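J.: One-letter residues, chain by chain:
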Amino acid sequence: MQSSNERPRGAGGGRESTVGDRAARDRGPAETSASPAYDDPWYDALASGWAEPAGAAAPAPAVPPARAETGAEPRAAADVYLEVQRSAAFREVRGRYRRFVVPAVVAFFVWYVVYVVAATTAPGLMARPVTGAVNVAMVAGLGQFLTTFLLTWAYARHARLRRDRAALELRWDTQELARGVRGGAS
Amino acid sequence: MTGDHQTLALLLFSTFVAVTLAITTWASRSRQGSAEEFYAGGRLFSPMENGFAIAGDYMSAASFLGISGLIALYGYDGMLYSVGFLVAWLVVLFLVAELVRNCGRFTLADVVAARMRERPVRIAAGTSSVTVSVLYLVAQMVGAGSLVALLLGGTGEAAQAWTVIGVGALMVIYVSLGGMRATTWIQIVKAVLLLGGTVALTALVLVRFHGDFDRLLLTAAERSGHGEAFLVPGLKYGGDWIARADFISLGLALVLGTAGLPHILSRFYTVPTARAARRSVVWSIGLIGGFYLMTIVLGLGAAAVVGPDAVRESNAAGNTAVPLLALDLGGGADSTGGTVLFAVVAAVAFATILAVVAGVTLASSASVAHDLYASLRRRRAEPRSEVTVARVAAVGIGAVAIALGLLARDLNVAFLVGLAFAVAASANLPVLLYSLFWRGFTTRGAVWSVYGGLVPAVLLVLLSPVVSGSPQSLFPGVDFQYFPLQNPGIVSIPLGFAAGWLGTVTSAETPDEAKHAETEVRSLTGAGAV
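Residue numbers (the working numbering), protein chains in the order written: chain A, 1 to 186; chain B, 1 to 530.
Just so you know, these hints were derived from the structure itself, not from any lab. Since we're looking at a predicted model, the values are computed, not measured. No residue lacks a Cβ here, since even glycine has one placed at the ideal position from N, Cα and C. Among the hints, a few may not be true.
Label pairs and their computed distance ranges (CB to CB) [claimed, not checked]: (1) Leu142(A) / Ser470(B): 34 to 42 Å; (2) Asp334(B) / Thr121(A): 41 to 49 Å; (3) Gly286(B) / Pro103(A): 21 to 29 Å.
Construct the complete structure from the given sequences, taking the supplied hints into account.
T.: Written as structure tokens, this is what we have:
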């Protein structure tokens, strides 16, 4: 208990422990705070959750309010997703994804359209020789291949280094919260 | 083309059929007929396996024979196709692959229906998926028929008809017995064969020119009879403005259509996680990019070694350029090397068609059973019976594709593929992107965006010179041609996006915040993914 509660406090403030305690309570009355059930990897994943993967000191999400209500089970499950969507950790993952993908899509799409339009409307430009028999058209065509390979590599690297870990932790947290809601309502 | 070629090619092709049937039996033995197993092959393929399978699904005979033939005849203009087919994968990688893997279960409609009222959306997305698949299937069947005529010399109508029927029957067996697991392994085997053949031929071409790409270009330009113009765009699409607009339209359809092809989307469900889906796309981009780079060398090699005149003499559309190149590189028509290489290329081309046809049939039978049947029935079908429906649907779609393939025998294969891409880009891509990224998207918007892309795309084709009004069209006798372009993409793709927007802003329904949150969280984190 001690060790698993210390981590979130150090990382993002005291509110994570509320999430953790709630989850612990959802496990049922038998598992009190000192029980060995805290060795459960699921609990560990949850405790290290929120705000931490982003590395930001942003406020952790509040506990879903519908948790206290009884009966409205689908509503409660939906609230979990709204809750996660508003959390700083998720916004960080989404921001990282969008900050890479939006400029990259714009860039390669414009470059491709310019290439196709130039190929059909400006043959004079495309015929300009570069070296030997290789002309601008050939360089531009092979350039499309090259940029495609480069962007693929850059995207895969960006996702692996900047997104995967945070997304995976959010996945476990979200699933655990959703499970907690479902368990609590039944 | 002598009897030797035919016998050897038939022998190799029969071996391929035997091996793939063995795979099918192995894959279907002692497996439970669950939907998970039938549509997604158990979801446990590795990224590398799935990458090869995606490449196998994507590299059709139209690419292998068609693009290199176009390059051999028209030089640079053929290369524009390879670029479009490859760049399209960035759309798939950035916007579609991971998110679709996280949100959906088996089909495109799963992703959209998660946020909307399920029934109308499933019917719409299912209809457009089946339409795209059938168009794509017909293209492959027509290709198979003409390949037989071209490669085996059996120019008779009967030989073509029996090939179409035979290919159709085989694919129904693969799909209905083996499901996704067998189909995936067939794609992998085919991708390895195709890449192996292409690498060998490319190496032979480069050896012939002592690794000097410059000399290859110069020789090709010189032998083509066009000189410099051969290496510059414009030989095929440089005519009037209509021809140029047509090409831009095709270019748009190619780059946006791939992300809406149902048989490509369903491949992402065969791996366990979004991360694996991403890595399989990276694999496939590497394989597909390398393949298209090699087709450029093959096309130029065919122009330089065989010469456009000989290519055109054998087949006006250039489809036999690669087999002729193989014959020449192997040592000529009467040598053993030439015979073997020719037979290998012919067998690889058949294998290619067969595998692609199996992949598309599986995807469309999933759409019929999982989307259309499950929605049009009063109660949801049980998973077990849904698989039975899918097996029956595979037989039905096979029959439809065989019939249409026989009817459309004289249509141009590349055109049919371009049309399938245009419909996919107009009807499937807008609804997919809107539901993944637009918070305010509604059910009406989703339905409008599917039909708003699908109907104009099909209608514009019916009114285009492809169907009537010119000597090459399907019905040369009548003239109801009101749309000048062959490919509808430049008009129908914006219409699909506009219709989705219009349907959303005019609908009284308030978008469900919680459902949007669920889609967004699930798509980016993988929470709750199956």
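J.: Hint by hint, note whether the structure agrees.
T.: Okay, the hints, checked on the actual structure:
Separated by about 35 Å at the C-beta atoms, Leu142(A) and Ser470(B) satisfy the suggested range of 34 to 42 Å. For Asp334(B) paired with Thr121(A), a C-beta distance near 48 Å keeps the hint of 41 to 49 Å intact. One distance hint, 21 to 29 Å for the beta-carbon pair Gly286(B) and Pro103(A), holds here, with the actual separation near 23 Å.
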